[in-house]
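Asks: The lines below spell out each chain.
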Amino acid sequence: MFWQALLLQAGYNATLVTVGAALLGVAAGAVGSVMVLRKRALVADAMAHATLPGVAMAFMVMVWLGGDGRSLAGLMAGAALSAGCGLLTVDWITRKSRLAEDAAIGAVLSVFFGAGIVGLTVIQTMQGGRQAGLEGFLLGATAGMLWADALVIAGGGAVAVALVWLLRRPLLLVAFDPGFAETVGISPRRADLILMALVMAVTVIGLKVVGLILVVALLIIPAVAARFWTDRAGAMVWIAGAIGGAASYLGAVISTLAPALPTGPIIVLLAAGVFLVSLLFAPARGAVPAALRHRRVRALRQAAP
Amino acid sequence: MTAFLQLSLTPLLIGALVAATCALVGNFLLLRRQALLGDAISHVVLPGIVLAFVITGAVAAAPMLLGAAAVAVAAVVAIEAVKRLGRVEPGAAMGVVFTTFFAAGVLLLEQTDTSAVHLDVEHALMGNLESLVWFAATGPGSLIDPAALARLPSELPRVAAVAVVVVALCWLFWRPLALATFDEGFARSIGIPVTALGFGLVTVAAIAAVAAFDAVGSIIVIAMFICPPAAARLMTDRLGRQVAWSVVFAVVSAVLGYMLAGYGPLWLGAQDAVSAAGMIAVVSGVILALAVRFGPCRGAPRRG
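Protein chains in written order, with this note's numbering: chain A, 1 to 305; chain B, 1001 to 1304.
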């Protein structure tokens, strides 16, 4: 069963979900690298948590309009809208007051999430709301996904990967040297806007796969792990993409075998495993090779007269 | 009156105590630019609590506090290690560590048979404030009846004890804490153990988070660590007054949020209450928004 799932032989839906998760992971690793270099890691966490009220609202609106409320595309649109509101609120608090960005991030994260929980309890009391299965958006649930939903995730992941590929140069330039980027005609403000839009896209596509509580991990961990293998930003983007893609692929496979477990934590722990290996053993900057080099240099120095 | 005593008194008291305790610690975290540490800690304590449950096989306060505090300290060390070894910014280092710990906690929880006790992921997030009822109360007389008081939810004495400890610690270490917060270099130069103090603060925050977590869930903990102190910061330039404001805001959020969650839907014609934990967070957010818009000290600190 494991090998079947690993080699994409476990049915059409499972295959599409696995491929979709892998594409999402690649996009998350690549976008996350730029985001970490631009020092925006925790803003993404606020955005991810801020999707919950949007998901709840979208469900209620769709039920009110006569639908069944579970259309993934509709829920994703609601999520994107409220994530955008969260981002604007972080910006508003830091512009209008003397509070630092971290306080604004924490406030938006907890208040929007609280509002989302209120929304979920409202839905639970609605007729037919009990079967909504919106809890799957908290920690991810890929097992038994509908064909249409899997298609949305795979398509969205592919578009996100393509966009990062197209926009990698301006984004990286701004991440490293906003002043120089400006002189060659790239507006840092616009590049940041594009970056946050990509982060939002990954977050929203990742809702069903990783869940909104942990999707930020898929953005950060592969990027930080890739940093140990290279000093070149262009390479870091794709190493992170590979790590994120592999962790998501394997996580989705494991999830088809253990459908009761939430998918998000599995994927995050796999990525964290790669991170730990990188931290210890990566040849360029890992802790063990660095210590060995240090010892060799000291031995040489002692040997010399 | 009896209904109020049975159903609402203990949740209100527990909510207000938890909110005030977290807000008190949150003031120092906010001023030390560690506002998100509260967020990180409340994610990180989950594996500690689950581990304590796996080892002892019971939902008991002391092992859970120990487990969570130990894991919180381990997380702080891990964040520091990732920051140094990986040479990444603090935000990303924190993100790596707390999401990993939380993911481990969730999987451990899902793998453990907790059907006999009230311990699951949703409970960890949202708590069960509404279920902390006091059925032994038969009327106002129960408030002085030892037999009835003995049957109060055990969460109440626990959060009260933690609140007392946190207040006592803040009072005891007020001056060194204030000095180390505002001018670390000067505090170090006059011999205050700044690093130890920082670790102490994190540990106290972890203890507050765990005690609160069991009763009210992590949303309230995160919201109360940040929103009331942040709103209070925009009301005054003086530390003492800021702490006082933050406690007032926290208690108002808890009481108003609980009331709105319980009675708000009834006023609107709906039947069921909504999540009190979520509503308390929302009210604290509204207070913060008002402070950002109208707070007398919302801009740069005044001189002179």
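Honestly, the hints are just simulated from the structure, not real lab data.
Keep in mind that a hint or two might mislead.
Claimed, not checked - Quick list of simulated restraints, FRET-style, between CB atoms: (1) B/Pro1146 / A/Gly273: 30 to 38 Å; (2) B/Phe1294 / A/Phe180: 37 to 45 Å; (3) B/Ala1244 / A/Thr125: 36 to 44 Å; (4) A/Arg295 / B/Thr1056: 57 to 65 Å; (5) B/Ala1147 / A/Pro259: 32 to 40 Å; (6) A/Tyr12 / B/Val1165: 34 to 42 Å; (7) A/Leu6 / B/Thr1056: 36 to 44 Å.
Bear in mind that the values here come from a model prediction, so they are computed numbers and not experimental data.
Cβ atoms here follow ideal geometry from the backbone N, Cα and C, with glycine treated the same way.
Asks: A range of 36 to 44 Å was offered for this pair. Does it hold for the Cβ distance of B/Ala1244 and A/Thr125?
Replies: holds (38 Å)
Asks: Holds or violated: the 32 to 40 Å window for the beta-carbon distance between B/Ala1147 and A/Pro259?
Replies: At roughly 49 Å between Cβ atoms, A/Pro259 and B/Ala1147 fall outside 32 to 40 Å, so the hint is violated.
Asks: Does the Cβ-Cβ separation between B/Phe1294 and A/Phe180 fall within 37 to 45 Å?
Replies: The hinted range 37 to 45 Å holds for B/Phe1294 and A/Phe180, with Cβ atoms some 41 Å apart.
Asks: Quick check: does the Cβ-Cβ distance between A/Tyr12 and B/Val1165 fall within 34 to 42 Å?
Replies: violated (58 Å)
Asks: Using the beta carbons of A/Arg295 and B/Thr1056, state whether their distance is inside 57 to 65 Å or not.
Replies: The hinted range 57 to 65 Å is violated for A/Arg295 and B/Thr1056, with Cβ atoms some 43 Å apart.
Asks: Between B/Pro1146 and A/Gly273, does the C-beta distance stay in 30 to 38 Å?
Replies: violated (54 Å)
Asks: Quick check: does the Cβ-Cβ distance between A/Leu6 and B/Thr1056 fall within 36 to 44 Å?
Replies: holds (38 Å)
Of the numbered hints given earlier, the model fails hints 1, 4, 5 and 6; all others are met.
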